[in-house]
Amino acid sequence: MKFINRIHEITLRCSDLNNQLVLQEEQLLEKKSHLSDLEYELEKSRSKETKLERALADAITKLEHDRLKFQANDIKHDPDSNSNNSNNNTIIIAENKYADLQAEIEEYKELAAGRLAELEKLMSDHETTKREVEVVKNKLRSLPEELINETPEFKCLQSRYTALVNESVHLRHQLSDARELVKCTKTIYDHHFEKIEQEEFENQRKLIANIEQVVADLAEARRDYDLLQVEYEKVLIANQQSVPITREMRSLINHLQAQCKLYSLEASRCKKQCKELEEELTKLKAKQETIISNGLNTQISMTTLEPTSASSINTTNQQQSPSIKDEITNPFATSTSTVIKNETIQKEELTEGNDDSRLVENSLLDFGDVTEGDLDDNSTSNALSRLSSNPLTTEDKDTELRTLKSENKKLSDMVKEYKILLTMYRSAPKETRDKANLMTSEKKLRQELEETRNELKKVQNYAKTLRKKCNEDEVQNKMRSFQETIRDLEKNLETRKQEEAALLNEIEVTGQAFEDMQEQNSRLLSQLREKDDAHIKLMVERVKLQQAQKIMSDEKTVLAQQTNVLQEQLDAQVIMNQKYEETIALLRNTVLILEKELSMMHQTLDAHKRKTIESAQTSADLKLHLDRYHAQLKEVQELVAEKSEALEKQNFKNRRLQEELKNLNRKLERMRKLEMASNKDEVLLEEIREYKEILRCPACKNKQRDAILSKCFHVFCYDCLKSRYDSRQRKCPKCNTAFGQSDMHKIWLV
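In my numbering, the protein residues as written are 1 to 750.
To be clear, the hints were calculated from the coordinates, so they are not data collected in a lab. Cβ coordinates follow ideal geometry from the N, Cα and C atoms, glycine included. A hint or two may mislead.
[Claimed, not checked] Simulated restraints, written as ranges between beta carbons of each label pair:
1) Met539 to Gln569: 53 to 63 angstroms
2) Glu642 to Arg160: 39 to 49 angstroms
3) Met539 to Asn505: 43 to 53 angstroms
4) Lys130 to Met671: 40 to 50 angstroms
Build out the structure end to end from the sequences listed, making use of the hints.
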């Protein structure tokens, strides 16, 4: 291939050389055409010269004829000698000019003859160059082999040929390596195929075992599922039976919760009322203290009271004080009994009603505070009654003070007991109180409030009466009225105790019923919880079984997919094995084909070796010929360049001669016109007309010259140049030099 490429390069070079020769020939043809144009112009100039010679000869003949005529006229007419003399002078001037013109024409003829000789020489040179070109062409067509062998291209081809031979040897070694590789791959393939078959058999065996295990697990799961379904149905039936009971229990619980809420609201309302009553009691206490102080002052002043009345009053006071004490202690006992019962009820209701327990605790504390106040009020009222009933002496004062101290101690002890009870109530758990207990306490407080108000009114009335009248009769009447009121109060106290006992019994009964209901509710709730737990356990087991079933089904599908995939892999392996066998067969065929091709390549290589040796010889010859042709071509190019320079010089000379000839022709015509003209004015007008013609454009001969070409400096009208530029005839009309738009410039001739 490299040799062929090299030959191709040589042919390309030869074609390039041929193209160069063709170009040289074309240039020679152009030069020939240019020479023919010059010859044509020379012929034109010769024809013009001949015409001028004829015109000159005609003018000479005319001049001689006119001269002869003038001479004849001079002989005939003597008087007109002056005019004849002037005519003779003009004729002499014309003859002189004619002689000058003839001399110039002879010079021009000599120049033209020299130019003709030069042209003939050029023609002969051109013919010789033509012959030389043809000889060179013939030599190029038949180059000697020695020249080709000596060329560096041929030597390069030889080196490449040796490289190709080495490459062919290397390729042979590679082919032998490839054969060994094919054998190795075949053995590896056989071993690999056997290994794949064994692995496939093991995979099939494992798959069958897995499928059997999955089927067994599925059967077990189905059995478990059936058992669980039966158990679930049983549980469902049991739940359906217990549904109405649970509904009733739920409705009952809701009802009880609503009642508890109502009780708590009522308890809060009662608490607010208790606080209001406490405030009123404090106000009443303050008023009582003021009244007591006023009463003591009045009693100290009243020292004239009878001893009989004092003794009766003492007895009444002694009867009143234990009754008051009983009144004070009894509500405490009743309150403690109710509190103990409520504690037993509240211990069972620990889970419900925290807010209600707080409200009840606050109400109990308020009740305790009220009882303390009541005690203070009772003690003060007792002291007041004693002071009012007894006329105060020194001994009586001492005894009264002792009794008051003892009562004060008892009251302080009772207050301590109340404080202990309050601490017990506070330390006790916060639980709800019954509505009945709160209602009774509220009624009690209201009654006591009314009583205290009545007593206050009575005390106020008593104070007024004391201020108005301080008589014994009035005091006795007052004492009687006090005794009557004390009796009424004792009766009221007994009735209240009876009412309180009845209310306590009712509270105990309701508490017992509530405890029973609470126990029943707790039992039902425990049963419901057990059933719910059992139901939840069954549901959980069912969900677990469903999940297990789903997992088993998913595993089954996965195993089925795996079996399908393995089957597909098996099929793919079989197909791959078939393909491998086909490829092995193809490789064997290709190896055989390659061996045949190799043998053919060896043969072709030998043939190419022979051809390369021959081509090396021919290329060396061609190279030598090429070198010679290159040298000849350079010589020819130098000769052509010299001749072209000489031709250009000759053209330049010819142009100058043509211009000189034109100038001479103009001068000749002017001289003729001067000779022909009879007046100087006419001569001047003719000259002006000639000058105007010179100023006119030589292309259109209508408009004046107003544009110049910067390439050749020839002057024309701008319209002619513009029209030639637009019509793409972008050459000077005189010298045929190409011009562009930037070469056109306007001029103004002044």
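Now the hints, each set against the structure:
1. Met539 to Gln569: 53 to 63 angstroms: Roughly 44 angstroms apart at Cβ, these two residues miss the hinted range, so it is violated.
2. Glu642 to Arg160: 39 to 49 angstroms: Taking Cβ atoms as reference, Glu642 and Arg160 lie about 42 angstroms apart, which means the hint holds.
3. Met539 to Asn505: 43 to 53 angstroms: Between Met539 and Asn505, where Cβ atoms are some 50 angstroms apart, the hint holds.
4. Lys130 to Met671: 40 to 50 angstroms: Since Lys130 and Met671 have Cβ atoms about 47 angstroms apart, the given range 40 to 50 angstroms holds.
Hint 1 alone, counting from the list given before, is not met by this structure.
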